[in-house]
Amino acid sequence: MTATDLPVTAGRKLPFVQAVPEAIAQCMRDDADVFLAGEDVAVYGSVFGTTRGLLDEFGPSRVLDTPISEIAIIGLATGAAAVGLRPVVDLMFMDFIGCAMDQLMNQLAKMKYMFGGKARLPVTVMTAAGAGTNLAAQHSQSLEAMVCHIPGLKVVMPSNAYDAKGLLTASIRDDDPVIFIVNKFLLGATSDVPVEPYEVPLGLAAVVRPGTDVTVVAHGRMVGEALAAAEALASDGISLEVVDPRTLQPFDLPTVLASVAKTHRALVVQESVRYAGIGAEYAAQIAEEGFDELDAPVARLGAPFSPVPFSPVLEQAYVPDAARIAAEARVLMGT
Amino acid sequence: MTATDLPVTAGRKLPFVQAVPEAIAQCMRDDADVFLAGEDVAVYGSVFGTTRGLLDEFGPSRVLDTPISEIAIIGLATGAAAVGLRPVVDLMFMDFIGCAMDQLMNQLAKMKYMFGGKARLPVTVMTAAGAGTNLAAQHSQSLEAMVCHIPGLKVVMPSNAYDAKGLLTASIRDDDPVIFIVNKFLLGATSDVPVEPYEVPLGLAAVVRPGTDVTVVAHGRMVGEALAAAEALASDGISLEVVDPRTLQPFDLPTVLASVAKTHRALVVQESVRYAGIGAEYAAQIAEEGFDELDAPVARLGAPFSPVPFSPVLEQAYVPDAARIAAEARVLMGT
Amino acid sequence: MPPSELAPTPAQLVDMHRRMARIRHFEEEAGKLVEGGKIPGALHLYVGEEAVAAGVMVHLDVDDQITSTHRGHGHVIAKGGDFKLMYAELFGKATGYCRGKGGSMHISDLDLGILGANGIVAGSVPIAVGAAFANRYRDTDRVTVCFFGDGASNEGAFHEAANMAALYQLPVVFVCENNLYGEFTSQPRHQRVTDIADRAVGYGMPGVIADGMDASAVFGAAGECIARARAGGGPSLLECKTYRFYDHVGVTGMRIPYRDEAEVDEWKGRDPIAALELRLVEEDVLTADAVAAVHQSVVAEIADAIAFAEASPDPDISSLTEDVYSNPIEPGGVR
Amino acid sequence: MPPSELAPTPAQLVDMHRRMARIRHFEEEAGKLVEGGKIPGALHLYVGEEAVAAGVMVHLDVDDQITSTHRGHGHVIAKGGDFKLMYAELFGKATGYCRGKGGSMHISDLDLGILGANGIVAGSVPIAVGAAFANRYRDTDRVTVCFFGDGASNEGAFHEAANMAALYQLPVVFVCENNLYGEFTSQPRHQRVTDIADRAVGYGMPGVIADGMDASAVFGAAGECIARARAGGGPSLLECKTYRFYDHVGVTGMRIPYRDEAEVDEWKGRDPIAALELRLVEEDVLTADAVAAVHQSVVAEIADAIAFAEASPDPDISSLTEDVYSNPIEPGGVR
Ligand SMILES: Cc1ncc(C[n+]2csc(CCOP(=O)(O)OP(=O)(O)O)c2C)c(N)n1
Ligand SMILES: Cc1ncc(C[n+]2csc(CCOP(=O)(O)OP(=O)(O)O)c2C)c(N)n1
Ligand SMILES: [Mg+2]
Ligand SMILES: [Mg+2]
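Residue numbers (our numbering), protein chains in the order written: chain A, 1 to 335; chain B, 1 to 335; chain C, 1 to 335; chain D, 1 to 335.
Excised from the complex, chain A in its bound form:
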């Protein structure tokens, strides 16, 4: 299956922030086993607005506000899934994942394996990553590398409203635990989103802009920055191909390699801290499997090795952007 087989859009524009609750609502209508729980997801509709309206439609037995208890939230999902439900739970800011990390990595992710395969754990954990909103070190992190390192989890991160709805639908319907990461900077971004339910298959990257000179592998907010860089470089005759893995684990290496076979250069971009970021895995895989295709070392862009600063000027320097992507691409091209 390739990106071009995806359902065509129905011409309706919808912002990311509304694509998320639409996916949840459609899954809840379809399947009485789906419920939603998290801090302020019910009455308030989430601090991000990503669950607004769901309490009204589904009522308090299926849409639950929880105490501020991240351990218990993931435990709730794990236990409920182990006896047959299909929980969707929200961890609000991804920075809070540390509070629940044991339940995520040692319980939810490992239960099936430890029990010799008997458990089925269709849990979706939603959480919001990303900097750029002046919320400082504990409310701005992109921690996808941590969860990608945990066998038993799957990890997705949409870069636009269309993928958000389709990936979330696929995540909820999937029989394994999926970490669904929203980049909070993208919440207002609008795209064509079909009204009917659809899935963006897990594990399938998208070539979001074809090009010939450099393959830029970017996810989340960095996809938009990569597209902007591509636009900027186009006038200089440098053509970027932008590939969005969409599912961060497992990684769709074949799609990326096909691109590299064309461009012979790769730049991996991530918003998170570069050191030991998921981009290192992508770069390593590309180099391992695409070595003979590469005319230059795989380049990586990411945040410097520091917490996320509060000051807007520092934060802007912290997050990779189109200009830095373009500059790296130029270096790769030797221009």
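In short, the hints are calculated from the structure, not lab data.
Some clues are possibly wrong.
Said to hold, decoys possible - A short list of chain B residues far from chain D (calculated; beta carbon distances all over 12 Å):
| id | residue |
| --- | --- |
| 1 | 57 |
| 2 | 64 |
| 3 | 77 |
| 4 | 78 |
| 5 | 133 |
| 6 | 188 |
| 7 | 235 |
| 8 | 239 |
Unchecked claim - Okay, the calculated bits of chain A under chain D, using three or more residues with CB under 8 Å as the criterion:
| id | stretch |
| --- | --- |
| 9 | 13-19 |
| 10 | 33-43 |
| 11 | 131-139 |
| 12 | 307-321 |
What the hints assert, rightly or not - Derived lysine-lysine pairs resembling DSSO-like cross-links, with alpha carbons at most 27 Å apart:
| id | chain 1 | residue 1 | chain 2 | residue 2 |
| --- | --- | --- | --- | --- |
| 13 | A | 118 | C | 268 |
| 14 | C | 38 | C | 84 |
| 15 | D | 268 | D | 32 |
| 16 | D | 84 | B | 118 |
Even for Gly, the Cβ is constructed at its ideal location relative to N, Cα and C.
With chain A fixed as given, assemble chains B, C and D with the ligands onto it according to the hints.
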């Protein structure tokens, strides 16, 4: 400073498990601000034996058994350090790090930065990683990649008793939070360990076996496996150079690059899950900075993408070993 | 709460006795096998605490769930676990409950409503709350019982789960097996309270204490808590005062003294099985011969089970990476 | 515990009043600045809760420590925080308390014994225990006060820290600011208990309730708890019933209704500053003019501070990666 400047050994053999408490004891004698806390580190001397004898020498006000409360243990260290002490705390199995992850990543690691630099947080967190002891999925993980991704922490992992004492001494004396990872499989391994206090500098890799054909970058238990592979291949005329980063973050790239400049081939070996493991970062850095030196793609070895199984036969197949390292090296050599 | 007036019928006494004898012999044999080096890894034996598992489980149906701990064999047996599959799992064999992937600390059978032993202290407490939530969500009258230790009551996971269960008034019973030690740390050295049941008031649920060496006392107290939960009356915290006769791990452990011989002897003098048998015979429920016959049949069954386990094959290496996912994804999104 | 008999002297009443007025005006102006888009990020205003900070802090010395929350300005001000450095930090300027790296949620001054505001709910509770440990370790009579909310009392971090503090009998006072909401979830919707002080019994420490709208009541209760801690009598849990006049974030928030206007009005009718001023004048402690003069001087000081902050420079980009480590390591182990 290079590896050869390190203090010479005094000819005394000491097992790893005794090198650890010797380092702690010497630091505690030197500095009244050093204390030790953790689950069963006092009366029992740790389930691994790595704190045995310390209660007797230093008494219960400096060597404390804690409740089973990993969050509180890291909080204890962070708060005590912030007001001037130099805590050493033990998290027992590294698998339990998920319980304390918020305190580690959002508090201890970020406090200095968030406060604009004022805090000094000389905390050492000891923990035991590694498979091979038939303890299954929740007592066998090597999770160094997770902590290496967190700015504000430093991460070390000795591969032998000499480095254990020297790195732990350096960690305790260092003014930043250091995660000191013991591989439990190595606890019985003996090496020459000087009686007097000494430091193995943080951030300095060691070339543990010189060679000419392939640079093997390995840490923890994998160093011994790499040395065994080197021994096995030597008779076939394949010469491995084994480099042990010792400090996993920051990574001593210059030492590794110097080796690759000689061998033109690199194999990165880790015991942990390969996907998004720290080896991906090392491989990516080597490829970025050493691209022109490389005759082959940087290869990586690690555990497959599954939890650690209990069954001894499965566990043995899970953990990379000398045979697999030798086989990979042969592939790199094209033989 | 006043002591329960609920008393077991003669048939229930016999039932409990049989469960307790099954646990005792299973554990004694397992202890021999691990000391003899025939079972790999670590075993946490339940000997001495049998009255708790039996007194609780006699109230449960196969559709009710339990969650358990690292000291889980007794719970699994009392809930109906199969000796053959249990021993095979302890041996790490392909025929074991977890296909050899779990071992002692993860021995489990979802079909019997056993949501795991658990290697993470208190790790299963939030999971129990999730299962209870699912039972209520589906409008069943199933009850979930969560076993955990005195040491576990100091974990944040316990706190969050207890609060959530009380808030949602879920059908769960928290059974704290207070055996006076968390590993090697006595209760007064890990918490300041004497009665863990006192914590219940902080969550707004009943707190009950039972003599965990007396199957009838556990029967009564557990029966009331379980009936209340089944009737929609919400969760309870039941503390059973008990004692483990052997070391924290294995039979004799490392022989580092951390508890008084006199204390051990005193508690051994309160052997719950001997006490129950005295009563069974005194009250003419069973003859001494009938009691002996119970033991004989269990011993015979165990010999068979061990033979089965020993004769069973090791798992095939190909199973190493199976059971990680229900819906594995091939690279490129293809299933 | 019976209500405290400790009463403030007239001078202490005046002192508390001044602290409360300083908080109120600081917050009102900060609220305007954030609503006007002049302060980036999120502010959690303390207006309405001033009596708690003032009633506690009047007992503390600069050498005593506090830990605080996301709603931390009031604590910092009452502990002696400098308006200029505070506003500068809220603006993200180089002259701010955290060099612009922290912002509202991390505003802090270790020199004043302020171990951070904290963006992680309950994240600072274990840190307070660590500070208290250090104070006792060094044989000082310093006390640490830990502020946290009703919502935070459901976090595992609170539980572990409270248990550890009680076990070690540390000089710490846990002050729960129960403002009846955790974000948008009312207390009865996040926990089943009415009095959070009831949780104290589960840790073996005194639990005390005070009217958080009455500075004298807080003074009395806090004074006793702090004196007990200072005298070696161990920790206490002090619950102050209070209310925030504005939204969870900012002044008016998103205007999604989650609390009754009537409820808000009722609590505003109990304004702690108005109540204290009534008493000050009635008891002839201050004239109405003297009260007005307090406000005038604070207002003037604030205008200056805001001018200072606005005129201050943004941080230099070069500071982005400073302050991560006390002992930064260059690659290759060189410092
Ligand atoms: C999170 C975590 N911390 C520490 C341990 C190590 N550990 C295993 S059992 C145990 C003691 C548990 O005590 P308790 O809950 O009283 O149960 P008991 O062993 O007495 O049955 C500890 C500390 C663990 N397995 N998980
Ligand atoms: C671990 C964590 N979970 C969730 C949040 C999001 N959050 C910020 S403030 C808040 C409410 C805190 O309530 P409470 O402790 O009562 O303090 P209050 O805001 O009422 O002062 C929440 C849920 C967070 N910052 N940290
Ligand atoms: Mg115990
Ligand atoms: Mg509150």
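Verification of the hints:
1. 57: holds, 17 Å
2. 64: Incorrect as stated: the minimum Cβ-Cβ distance to chain D is 8 Å, not above 12 Å.
3. 77: violated, 6 Å
4. 78: Since the minimum Cβ distance to chain D is about 5 Å, residue 78 of chain B lies within 12 Å and the statement is violated.
5. 133: Per Cβ check, residue 133 of chain B is outside 12 Å of chain D; nearest 28 Å; holds.
6. 188: holds, 28 Å
7. 235: holds, 33 Å
8. 239: At about 24 Å from chain D, residue 239 of chain B clears the 12 Å cut-off, so the statement holds.
9. 13-19: As far as the stretch 13-19 of chain A goes, the hint is violated, because 0 residues have Cβ atoms under 8 Å from chain D.
10. 33-43: holds (count 3)
11. 131-139: n = 7 at 8 Å, threshold three: holds.
12. 307-321: holds (count 9)
13. A:118 - C:268: violated, 38 Å
14. C:38 - C:84: Roughly 16 Å separates the two Cα atoms, so the pair holds.
15. D:268 - D:32: holds, 19 Å
16. D:84 - B:118: Distance of about 18 Å is within 27 Å: holds.
Hints 2, 3, 4, 9, 13, counting from the list given before, are not met by this structure.
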